[in-house]
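Those protein sequence lines, which keep their order, are chains A and B.
The first sequence maps to residues 1 to 426 in the working numbering.
The second sequence maps to residues 1 to 601 in the working numbering.
Any given hint could turn out to be false.
As the list claims (entries may be wrong) - Derived lysine to aspartate or glutamate pairs resembling EDC-like cross-links, with alpha carbons at most 16 angstroms apart:
#, chain 1, residue 1, chain 2, residue 2
1, B, K569, A, E215
2, B, K568, A, D415
3, B, K573, A, E235
4, B, K569, A, E328
5, B, K531, A, E235
6, B, K323, B, E271
7, B, K268, B, D320
8, B, K323, B, E284
9, B, K531, A, D234
10, B, K522, B, E592
11, B, K531, A, E328
12, B, K380, B, E254
13, B, K578, A, D415
14, B, K568, A, E328
15, B, K71, B, E150
16, B, K567, A, E332
17, B, K576, A, D233
18, B, K567, A, E166
19, B, K558, A, E235
20, B, K558, A, D35
21, B, K573, A, E328
22, B, K465, B, E417
23, B, K579, A, D415
24, B, K558, A, E55
25, B, K569, A, E332
26, B, K573, A, D179
27, B, K567, A, E328
28, B, K268, B, E236
29, B, K567, A, D35
30, B, K568, A, E115
31, B, K558, A, D179
32, B, K235, B, E284
Simulated from the structure, these hints should not be mistaken for laboratory data.
Here the structure is a predicted model, which means the values were calculated and not measured.
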Amino acid sequence: MKSASLAGLVAPRDPSVQAAYVHIPFCRRRCFYCDFPISVLGDRAHGRTSGSVAEYVVQLCQEITATPVANPQPLTSVFFGGGTPSLLAAEQVATILDTLHRHLAIAPSAEISIEMDPGTFDRAQIQGYRAAGITRVSLGVQAFQDELLQLCGRSHRCADIAPAVELVRAAGIDNLSLDLISGLPQQTSDQWQASLQQAIAIAPAHLSCYDLVLEPVTPFGKQYQPGEQPLPDDETTADFYRQAQATLTDAGWQHYEISNYARSGYQCQHNRTYWQNQPYYGFGMGATSYVHGQRYARPRTRREYYTWVAEFQAAEGQLCAPATPPAEWILETLMLGLRLSEGVALGKFDNETRDRLHATLTPYAQQGWVRLSEPTGQARVWPPLAPLPHDTHLQLSDPEGFLFSNTILAALFADLGVEIGAETGG
Amino acid sequence: MTEVPVSRVRNFSIIAHIDHGKSTLADRLLQTTETVAKRQMKEQFLDNMDLERERGITIKLQAARMNYTAKDGETYVLNLIDTPGHVDFAYEVSRSLVACEGALLVVDASQGVEAQTLANVYLALEHDLEIIPVLNKIDLPGAEPDRVVEEIEEVIGLDCSHAILASAKQGIGIDEILESIVQLVPPPADTVDKPLRALIFDSYYDPYRGVVVYFRVVDGCLRRGDRLRLMASGKEYDADEIGILSPHQIPVDELHAGEVGYFAAAIKAVEDARVGDTISLAKEPPDAPLPGYTEAKPMVFCGLFPTDSDQYSDLREALDKLKLNDAALSFEPETSSAMGFGFRCGFLGLLHLEIVQERLEREYNLDLIATAPSVIYRIKSIGEDEFEIDNPSQLPPPQQREYIQEPYVRVEMLAPEEYVGTLMELCQNRRGEFKDMRYFANKRTTLIYELPLAEVVTDFFDQLKSRSRGYASMEYHFLGYRQNDLVKLDVLVNGDSVDSLATIVHRDKAYFVGRALVEKLKELIPRHQFKIPIQASIGSRIIASEHIPALRKDVLAKCYGGDISRKKKLLQKQAKGKKRMKAIGTVDVPQEAFMAVLKLE
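Okay, chain A solo, but in the shape it has when bound:
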């Protein structure tokens, strides 16, 4: 079906919401590479003692309560992201989760993640988190070299990492994820390999490895040019990526998303919601929600956010945002889904779209960057003729397809444009 007749309609297949993102904007300092919406509290601040944090939690809970319920089923994932959510006191986490549960309901088996920085929490706090319902911890390790941590403006040091891991595990949380950054200024291949080895030694259930992104408004963005000294050049960082892929898959982690690795059964359910282009709630300053096909970004400063919460309550939770049109939905589904190693199930798309996908992607398939698989994961031969079969998954190869994913996606954006439609049931 052509989108001309569908333009402006809600994206197809809007299932019920199952995930909620909660943004906690507070940090002790701003890291030199970070352009997230955050509020800096200083080195000694903590949620228990900070009036700002207390007020934020109140406003956040008001937003949650004012939000219209869009999930007939209880939530299966909640994610506390930041910022540094581990600056929250356990009671504050409990309050937020309690509000979510009372208003939207959280399934007993839900994955409830929180981002924590080494050195920001003690035993009592992590136990309190566990008691409040936290089931998964994502630890912002970033590097295992003090000189690199310092260069990034991180507030923790190498020595803080092992105790933090120990505390999380002692609290009974075995679903632990570590974050690492590659491509830092002056980082060498040896340092990166050492970081990977130390991460392997910790044996977390999940690992995220991010190639440094230079955001223009950050100190890094202003100081450095991509690929130029003291940053490693593109060839080196591409090699870091391959190095991580080889080392970690060898050690038994699945490379399930462009920058994410997991032990079997430990993929991040919450983040998979994004990559599968499923709806999610978003709460808090700067948070984005995707409900009923509407993507909505909240204000990025606290003052504006508080004003917005008041207006939101007054408007009885109605948001003014255009719904994603079907043609855009196709592009988003591809852009997100191709980040996953399993790729995108082509049954979602109509014949015409699969025709065009075949035309655009055949050269990349010949190059070995794109391929098809059965739902079981078994490879399927790329057909000489369009369309791509509806009962297959479209995937990028690892690591080369992943490394050039933007090139492939830009080709799809150029060729699919906006004038084709999605299979809209019937």
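Starting from the known structure of chain A, arrange chain B on it as the hints suggest.
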């Protein structure tokens, strides 16, 4: 229509620099004479094309007939013939001036005279037009009417004792202007009894009626239904519809000597009724046509290629349609090994080129790549006659050439004194030959250089403007051909010579241009999955070389809930860039690369 005797007709035009308020003044005259009702008044009524209104310049000229009751109690017919305000259209300007007996010289009272104005005033003086100086914008705080009057007297040598102080915007001085037109502009000669001769000063294509021709009757009388003969084209038509321009067309039965009007006769294209041609009666031919007819010839050439080769036939159709309305536009099919099928197009000048390109993209929805502008070179090959080329790729190899000649123009610049140094430097860098420099009162200077046209059609005008902070203006006219030591500079991308990037340059500048060009291309061409050498060569000798390193990764590390919209925008931008690129072999080259030679530091 009341019959108006020739003695009560006044034909005039307005000479003004861009921004000096010509269109506003024209609007005001139409309003004051109640030619256009107030509610129909759009701003700048005479500028019909969107492009004109956006750029604030007149490209196609217009005409309007006004009835004005003067202080002597008589009603006069005033015909305003608007002139295009750009050097590219100098010939059209000259024809519309010839159709008048007088001209308003409108000068911004805070800015003073500009080069373009100067050139048009000289043209008007050559044709014995009565010139009425009008100092416009006198209501603005920076207005210095005395200084500007002094300047007009000194620069042009025009008596300004009767100059009118006006503000078209505020309606100041409008009645005085109208009265001066009646008093000072002479009526047309009463030659109603002679055989018909009428001068075409404009024409445009109307999809329903064919070409509509604007003309001034010089001698005799033209009646509806007359069999007309255009003396230069030799074609004959029946005047199905004749009328006046008020400024909307109003049909009449008869137009006599001195009057301005239009006729429509199912003429297929404007090239059949060119500006400057003489209209006569088929049954009563005059002794001679009106003097001064020439065909406006293209001076600047470039290749236009569709980004998407499927649009080739759309491009041909669009050019055909534009050609109906633009006699000066020329085009013929061109095949480039790099760009595929397109057209080699000829233009009067750079603005003309830009306008055509923009109209093709905007009105016809085409994605185009234009190659750098070139001029016509005259080549003498050994043992052959001299011939002309308008495309560097046609240049025969050096060993077969006896000589190359290139067109030269005389450039006259007007600028405040403090910019003279930097403008002289600009002209020297462009192989200019200094001819003259004159100082006027108020620290204004004219600077005259002879320059190769090829150096002027690049970014000369932009440079002139930026070096003088917009204060300098220029005017040029064709001088003739001169022999120079010119060479063809080839560009190789990934080892393949790209014909669309080849340019003809002076041997002394070849190394510099080659070096700068490969550096610029290195910036403009995106990375690919392989290393791309970029080289400049003269013949088989490489004179400059760079390479674009291979793309090693193109991936966004993070994409979570809050990143999706931004990430999508990034990809859309990347996709858009990709769409506007031309695949040359295995290398995607962006549009701007083909114009890179114009933007060298």
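(message) Check the hint pairing K567(B) with D35(A) against an upper bound of 16 angstroms on the C-alpha distance.
(response) At roughly 14 angstroms apart (the allowed maximum being 16 angstroms), D35(A) and K567(B) satisfy the hint.
(request) Measure nothing beyond the straight line between the CA atoms of K323(B) and E271(B); if it is 16 angstroms or shorter, mark the hint as holding. (result) 8 angstroms, holds
(request) For the pair supplied as a hint, K531(B) and E328(A), confirm whether the alpha-carbon distance does not exceed 16 angstroms. (result) Violated, at about 34 angstroms.
(message) Does D415(A) sit within 16 angstroms of K579(B), going by the straight-line distance between their CA atoms?
(response) Roughly 9 angstroms separates the two Cα atoms, so the pair holds.
(request) Compare the distance between the alpha carbons of K268(B) and D320(B) with 16 angstroms, and conclude whether the hinted pair is satisfied. (result) 12 angstroms, holds
(message) Just to be careful, I want the Cα atoms of K268(B) and E236(B) compared with a cutoff of 16 angstroms; is the pair within it?
(response) 12 angstroms, holds
(request) Mind checking the alpha carbons of K568(B) and D415(A) for me, to see if they're no more than 16 angstroms apart? (result) 15 angstroms, holds
(message) Would the hint linking K71(B) and E150(B) be met if the CA-CA limit is 16 angstroms?
(response) 30 angstroms, violated
(request) Starting from K573(B), check that the Cα of D179(A) is at most 16 angstroms away, please. (result) 29 angstroms, violated
(message) Hint check: K569(B) vs E215(A), CA-CA at most 16 angstroms. Holds or violated?
(response) Holds: K569(B) and E215(A) sit about 15 angstroms apart, inside 16 angstroms.
(message) What's the verdict on K323(B) and E284(B), does the C-alpha distance respect the 16 angstroms limit or exceed it?
(response) 32 angstroms, violated
(message) Against the 16 angstroms threshold, does the CA-CA distance of K567(B) and E332(A) hold or violate the hint?
(response) Answer holds: K567(B) to E332(A) is near 10 angstroms, not above 16 angstroms.
The structure fails to meet hints 3, 8, 11, 12, 15, 17, 18, 19, 24, 26, 30 from the earlier list, while all remaining hints are met.
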